[in-house]
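Place chain B on chain A using the hints.
Order-wise, the sequence lines are chains A and B. Residue numbers for the first sequence follow our numbering, beginning at 9 and rising by one. Residue numbers for the second sequence follow our numbering, beginning at 93 and rising by one.
Calculated directly from the structure, the hints in this document are not laboratory data. A hint or two may mislead.
[Claimed, not checked] Partial selection, computed: residues in chain A whose CB lies under 10 Å from chain B: (1) R80; (2) G83; (3) G89; (4) Y90; (5) P93.
Think of the CB as a built atom: it goes at the ideal place given N, C-alpha and C, for glycine as much as any other residue.
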Amino acid sequence: MIEARGLSARVGAFRLENITFTVPKGAYGVVIGPAGSGKTTLLETIAGITPQTGGTLSLDGRPALDLPPEQRGLGLVYQHGYLFPHLSVERNIAYGAPDAAGARDVATRLGAWALRERAVESLSGGERQLVALARALARRPSILLLDEPFSALDPRRRDTTRRELRRIHREWGMTVLQVTHDFTEAGLLGDVAILLDAGRVLQSGKPEEVFRKPASPYVAEFLGAENVFAGTARILPDSAPDWFAGDSPAGLGSHAVEFRTGSLTIYAVANAAESPGYAVIRAEEVLLSLEPQASSARNHFRGRITEISTLGALTRVTLDVNGSPLVAALTTRSAQELALAVGGEAYASFKAMAVHLC
Amino acid sequence: MPLASILAALLGSILFLFLVAPIAQLVATAGGEGAARLVTDAELRQALALTAATATAATLLGVLGGTPIAYLVERWHFRGRAVVAALLDLPLLIPHPVAGIALLLVLGRESAVGGAALDLGLRIVGSPAGIVAAMLFVSAPLYISGARESFARVDRRYEAVARTLGDPRWRVFRRVTLPLSGRGLVAAAVVMWARAVSEFGAIVVITYNPKTVSVLSYDRFTSFGLHEALPVAAILALLALLPLTALRALRYERRPELDVGGGRA
Numbered sequence: 009m010i011e012a013r014g015l016s017a018r019v020g021a022f023r024l025e026n027i028t029f030t031v032p033k034g035a036y037g038v039v040i041g042p043a044g045s046g047k048t049t050l051l052e053t054i055a056g057i058t059p060q061t062g063g064t065l066s067l068d069g070r071p072a073l074d075l076p077p078e079q080r081g082l083g084l085v086y087q088h089g090y091l092f093p094h095l096s097v098e099r100n101i102a103y104g105a106p107d108a109a110g111a112r113d114v115a116t117r118l119g120a121w122a123l124r125e126r127a128v129e130s131l132s133g134g135e136r137q138l139v140a141l142a143r144a145l146a147r148r149p150s151i152l153l154l155d156e157p158f159s160a161l162d163p164r165r166r167d168t169t170r171r172e173l174r175r176i177h178r179e180w181g182m183t184v185l186q187v188t189h190d191f192t193e194a195g196l197l198g199d200v201a202i203l204l205d206a207g208r209v210l211q212s213g214k215p216e217e218v219f220r221k222p223a224s225p226y227v228a229e230f231l232g233a234e235n236v237f238a239g240t241a242r243i244l245p246d247s248a249p250d251w252f253a254g255d256s257p258a259g260l261g262s263h264a265v266e267f268r269t270g271s272l273t274i275y276a277v278a279n280a281a282e283s284p285g286y287a288v289i290r291a292e293e294v295l296l297s298l299e300p301q302a303s304s305a306r307n308h309f310r311g312r313i314t315e316i317s318t319l320g321a322l323t324r325v326t327l328d329v330n331g332s333p334l335v336a337a338l339t340t341r342s343a344q345e346l347a348l349a350v351g352g353e354a355y356a357s358f359k360a361m362a363v364h365l366c
Numbered sequence: 093m094p095l096a097s098i099l100a101a102l103l104g105s106i107l108f109l110f111l112v113a114p115i116a117q118l119v120a121t122a123g124g125e126g127a128a129r130l131v132t133d134a135e136l137r138q139a140l141a142l143t144a145a146t147a148t149a150a151t152l153l154g155v156l157g158g159t160p161i162a163y164l165v166e167r168w169h170f171r172g173r174a175v176v177a178a179l180l181d182l183p184l185l186i187p188h189p190v191a192g193i194a195l196l197l198v199l200g201r202e203s204a205v206g207g208a209a210l211d212l213g214l215r216i217v218g219s220p221a222g223i224v225a226a227m228l229f230v231s232a233p234l235y236i237s238g239a240r241e242s243f244a245r246v247d248r249r250y251e252a253v254a255r256t257l258g259d260p261r262w263r264v265f266r267r268v269t270l271p272l273s274g275r276g277l278v279a280a281a282v283v284m285w286a287r288a289v290s291e292f293g294a295i296v297v298i299t300y301n302p303k304t305v306s307v308l309s310y311d312r313f314t315s316f317g318l319h320e321a322l323p324v325a326a327i328l329a330l331l332a333l334l335p336l337t338a339l340r341a342l343r344y345e346r347r348p349e350l351d352v353g354g355g356r357a
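Okay, chain A solo, but in the shape it has when bound (with noise of 0.2 Å):
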């Protein structure tokens, strides 16, 4: 377990302030943020190598602070690895490793094992981190810290490694803190999703609940969600909701919310306890068609296509609703299929489940 309370460092003129959040035992913690945030400081300080200047950080019910970085029972993984060069790969793996067999059995997992007899400099990034990986893993820790160490792998190695770790971390019951700059990954590994950015958490949570549900309209838009409107919310009262049973209520505390951007209107569930002032709506949630649809969804607009932008299989087709862009995100073939054109019209359609108030 990672347990950091208000942890701060500092390494120069940056500081890492008031670091608070909660990676429990054997669950998988990945920390976003963009560069320059302080992720690799935040894993340093952890490690110990970077001085804790303020707050507490326990590992595994320890406290930390006089722990010298070899007694933390943790490994750490740089992206660029860091591999020895004065040792033949198979010494890497072996350095900190407590059996031999252990370290191989580990490599071997990895594909890093088949590598042990290259020189390090002939390796490539990709291959450096697997060695890297494998040399971290072989010492067995009980806590795992990770700097993007799949950034140099190729798509499908990337794939296949991530898998394998995610089996090693559940057999071994370790905790694991990675950083990265890909949201797919974060969704992907995450039990835990802690954003960073200018050596301060912005939100800690479950991965989901953290995109689905953004603090702030930084946070939204920071994680990519392309519909942020300002705007005024006003509680419908209690009774009257007839589209909230077609929406599964969010429960006890939701109400139906009315909330006002622009010439917009959008349906939403919240909590009658805040006064949001952003409604934030991923692409991926808002639905396309080229007829009006009948369905549960609360939210229906009529819009003129502005904008097509095709990325491999997902297309985002912009709308202009009233005067306000409304961005889908939907496959590139569904967008074939619908034959959408700039210029012409279009429905979109969302559940007010999907509208997330901050």
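What follows is chain B alone, placed relative to chain A:
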């Protein structure tokens, strides 16, 4: 070719000739005779052996004491670090006879250290120990400076990884830092040795006899003139060229890749 380039090339060539020509001329003129004197001139042989031995002893002491100092100053960000670093460079900045006089004050018979050493049966002034002290004083800062540079070239993240792999600080130094900086440390030691061999100013103040090659060359020049000094000077130049050649060989050998990049995110 632009005029500035021609001018730069001309000035560079003149300086290059100025630096190389005297040594080349010296070795060409008297190198052969110097080599012959090694057979016939017992005093020269003794001076050569004394110089090599004292320079080696000074270098060993410099490496033993200078390596931890260099590591400490390079890796530990303690208060007053810049002042310590500047103080370590002081011996390089003062005229060498002044260094000899300063050493005489600290290590002479009348001084506490010199007196205590004499009580233990170790005479410093006027003995090989004095030569070692003078050599150490003027050349150790060169080693420390080179060693600091070598440690600075080792990315701290190698050490960080090694610590998370279970090694305490001293073992990381032995298993990672030292091997990665070893080539640079050897190069720094070679420079220190060469500098120690060629020292004259501080040695002549603290120990005129027994004579090192540099003192002998000066002695022959003042007593017998240029003709007698030349072979000794040529031998001294050749002795200094030996480690320099070794140093170049070390530098041009392929180095392991140390810096693989990776910014602080």
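Cross-check of the supplied hints:
With its C-beta approaching chain B no nearer than about 7 Å, R80(A) sits inside the 10 Å limit, and its interface hint holds. Because the smallest distance between the Cβ of G83(A) and any Cβ of chain B comes to about 6 Å, under 10 Å, the interface hint for this residue holds. For the restraint placing G89(A) at the interface with chain B, the shortest Cβ-Cβ distance is roughly 7 Å, inside the 10 Å limit, so the hint holds. Here the hint on Y90(A) is kept, as its CB sits about 5 Å from the closest CB of chain B, short of 10 Å.
For P93(A), the shortest C-beta to C-beta distance to chain B is roughly 4 Å, which falls under 10 Å, so the interface hint holds.
When held up to the earlier numbered hints, the structure conflicts with none and fits them all.
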